[in-house]
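There are 2 protein chains.
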Amino acid sequence: MATTIRDVARRAGVSIATVSRALRDADSVTVETRARVTRAAADLDYVPSQLGRQLAERRHAANGIVFPDLSGPYYAEVVLGYEVAAAELDHAVLILSTHGRADAEGTVARLAARTDGLVVVARTVSDALVQRLVGRGMPVVLVARTPVDGADSVNAENTEAASRLAQHLVDAGAQTIRFVGDPAASSDVAERYESLAAAAGALGADVRVEVTTGFGENAGLRVAADAVTGSGLPDAFACANDELALGLWLGLRQAGVTVPDDTLISGWDDVMAARHAGLTTVRQPMRELGARAALRLHELITGTRQESVHDVLATDLIVRSSTTPPGGTRP
Amino acid sequence: MATTIRDVARRAGVSIATVSRALRDADSVTVETRARVTRAAADLDYVPSQLGRQLAERRHAANGIVFPDLSGPYYAEVVLGYEVAAAELDHAVLILSTHGRADAEGTVARLAARTDGLVVVARTVSDALVQRLVGRGMPVVLVARTPVDGADSVNAENTEAASRLAQHLVDAGAQTIRFVGDPAASSDVAERYESLAAAAGALGADVRVEVTTGFGENAGLRVAADAVTGSGLPDAFACANDELALGLWLGLRQAGVTVPDDTLISGWDDVMAARHAGLTTVRQPMRELGARAALRLHELITGTRQESVHDVLATDLIVRSSTTPPGGTRP
DNA sequence: CTGAAAGCGCTAACAA
DNA sequence: TTGTTAGCGCTTTCAG
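Going down the list, the sequences are from chains A and B. Count the first sequence with our numbering and you get residues 1 to 331, in order. Count the second sequence with our numbering and you get residues 1 to 331, in order.
Honestly, the hints are just simulated from the structure, not real lab data. For each residue, glycine too, the CB sits at the ideal point set by N, CA and C. Where hints are given, some of them may not hold.
[What the hints assert, rightly or not] Pair ranges (Cβ atoms, derived): (1) A/ASP206 / B/ARG253: 33 to 39 Å; (2) A/ASP90 / B/GLN175: 53 to 59 Å; (3) A/ALA102 / B/ALA225: 50 to 56 Å; (4) B/GLY135 / A/PRO147: 46 to 52 Å; (5) A/ALA128 / B/ALA2: 19 to 25 Å; (6) A/ALA61 / B/VAL47: 27 to 33 Å; (7) B/ARG253 / A/GLU157: 27 to 33 Å; (8) A/GLY100 / B/GLY201: 42 to 48 Å; (9) B/ASP25 / A/ALA17: 35 to 41 Å.
Could you build all of it, start to finish, from the sequences and the hints given here?
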């Protein structure tokens with residue numbers, strides 16, 4: 001840590017400028033000097049200070065990604081897709097989860113001050129802050145979130161998938177569908193609910209929403225308890241994400257309710273557990289969301305492009321045993 | 001981005017030193033000047049450059065975590081636990097996944113140059129590099145990896161858990177056990193295999209290892225295909241992690257093999273999918289591993305402690321339907 | 001091709 | 001309490 005460019009310069013018998021050049025541009029110095037410098041650097045175990053370099057270059061060579069949580073598989077996959085792509089673009093990645101953090105806005109602002117650009121996932125910070133960052137000239141890409149002026153966005157398709165899901169549930173015999181989740185908590189969820197309700201309504205089915213606190217398995221368990229003791233069983237539960245659905249399923253099973261005989265269940269995302277549990281769901285390209293965001297952010301940082309771009313990635317309905325009753329339809 | 005401490009100083013009619021002080025230590029300046037400075041800063045939408053600050057303070061106020069991959073739930077949980085704890089300690093978190101990266105060592109070295117300390121998870125980089133970093137005075141904490149001189153380490157208990165698992169499998173009627181995974185790929189896996197083999201051997205059962213390439217579901221599927229077509233079915237498969245086990249189970253099921261009737265399966269980690277699939281496994285405190293690492297790294301960075309410390313966190317055997325045959329024992 | 005010198009934006013003595 | 005002045009370790013003109 002102690003050895004600086006000056007030490008290397010002294011040992012190699014050259015100026016610090018030459019060291020700087022020799023260690024980066026291969027061909028701005030003689031092969032001979034370059035060899036001397038490289039040698040000296042190796043001898044001293046010299047590692048250039050990124051701090052010094054970054055200040056001189058006035059860039060961080062790092063960008064950040066802000067997400068609500070890493071506990072479910074969904075955000076983890078998005079972050080991973082992002083990290084892999086960012087690494088290829090030679091950018092370091094700073095992560096920040098706002099989950100339950102008191103001063104999320106302040107923390108994000110501080111994060112922004114140490115990066116060249118930011119990816120903001122879902123509803124982690126206010127639109128106001130996003131706009132302030134954008135206004136300050138900071139490149140921002142929004143993921144799984146309603147676009148904001150001046151920032152790029154990357155989202156997964158919701159509307160059409162919700163229609164297909166509605167069609168499938170109705171085909172499987174569902175007349176009453178309960179949507180589980182909180183549309184107010186995320187633009188994704190709101191879109192899913194509204195599209196599902198519209199499509200199911202057009203098919204003559206009835207959709208009502210059961211608002212949850214949170215999107216984890218525990219929230220699903222609470223919904224199960226509620227359904228068993230009070231509100232009764234609908235023909236189908238359409239959940240805002242897989243964890244909710246899996247928790248719900250677990251709760252119902254424990255209460256003696258059989259799926260898909262007594263009721264149907266669907267999720268959203270297609271996480272690993274959904275595959276092993278046999279849960280019908282909508283597959284999102286989670287990694288691709290992150291990777292695309294990295295690409296867009298890079299374009300923004302390098303100034304390749306002027307106008308904002310808003311990507312919408314395709315999704316798939318994956319039908320499994322949780323919505324395929326023996327007879328094909330329900331009585 | 002353009003406004004610097006000098007602009008603020010000019011507008012407030014004070015020196016840059018005063019601005020610097022006013023914006024950090026509340027009580028090193030008059031309330032009056034402080035107000036003027038704060039006002040000027042707000043007017044100009046001034047955000048202190050972290051780069052300038054960091055160079056002057058000669059610290060990054062950031063640390064990094066290196067892990068193989070974020071695709072499975074295991075590392076994601078560790079990273080999350082780490083991030084949450086690090087945030088509380090007011091450190092930014094840089095992440096780096098080495099998965100399939102060509103120059104992992106170089107990338108890690110570069111990461112090290114922009115952080116105050118590093119957490120290295122599993123077998124991501126060579127011991128040689130770890131030792132070089134430690135030798136350079138960089139605080140390093142190893143997670144899920146054999147300790148190295150000069151670095152702290154945090155691991156989950158393997159030996160005792162493996163014994164309990166062996167006992168359970170034998171009690172369930174297993175005489176031939178196949179361990180699935182690659183002991184050479186990770187110290188954790190090696191420990192699990194050896195302890196399991198020893199314990200099962202003592203109980204009169206026979207354990208042999210089936211070495212896999214990778215630890216994902218696909219590797220498990222390959223093992224299933226292999227067992228069905230060639231090597232035959234043991235009484236039980238003990239897998240190095242849950243994903244391997246779930247992939248294996250899926251493959252066997254597709255081939256018409258019934259678990260736990262025809263053979264038993266166990267995993268390791270207790271990820272979400274294991275719970276929903278009914279997989280017997282060993283629960284690791286994944287988040288706690290990350291959180292503890294953050295704490296240890298902080299101690300190292302702040303120099304609270306001289307000697308290295310090596311934590312071993314407790315694990316639990318979780319018995320589920322994949323190893324509980326109807327009769328209680330197998331014929 | 002190489003060196004001298006001027007910053008990058010901030011903090012931290014040291015004076016006043 | 002406040003200002004002046006050195007750096008922090010590097011890159012980058014601008015001369016030579």
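Q. Looking back at the numbered hints, which does the structure fail to meet, lowest number first?
A. 6
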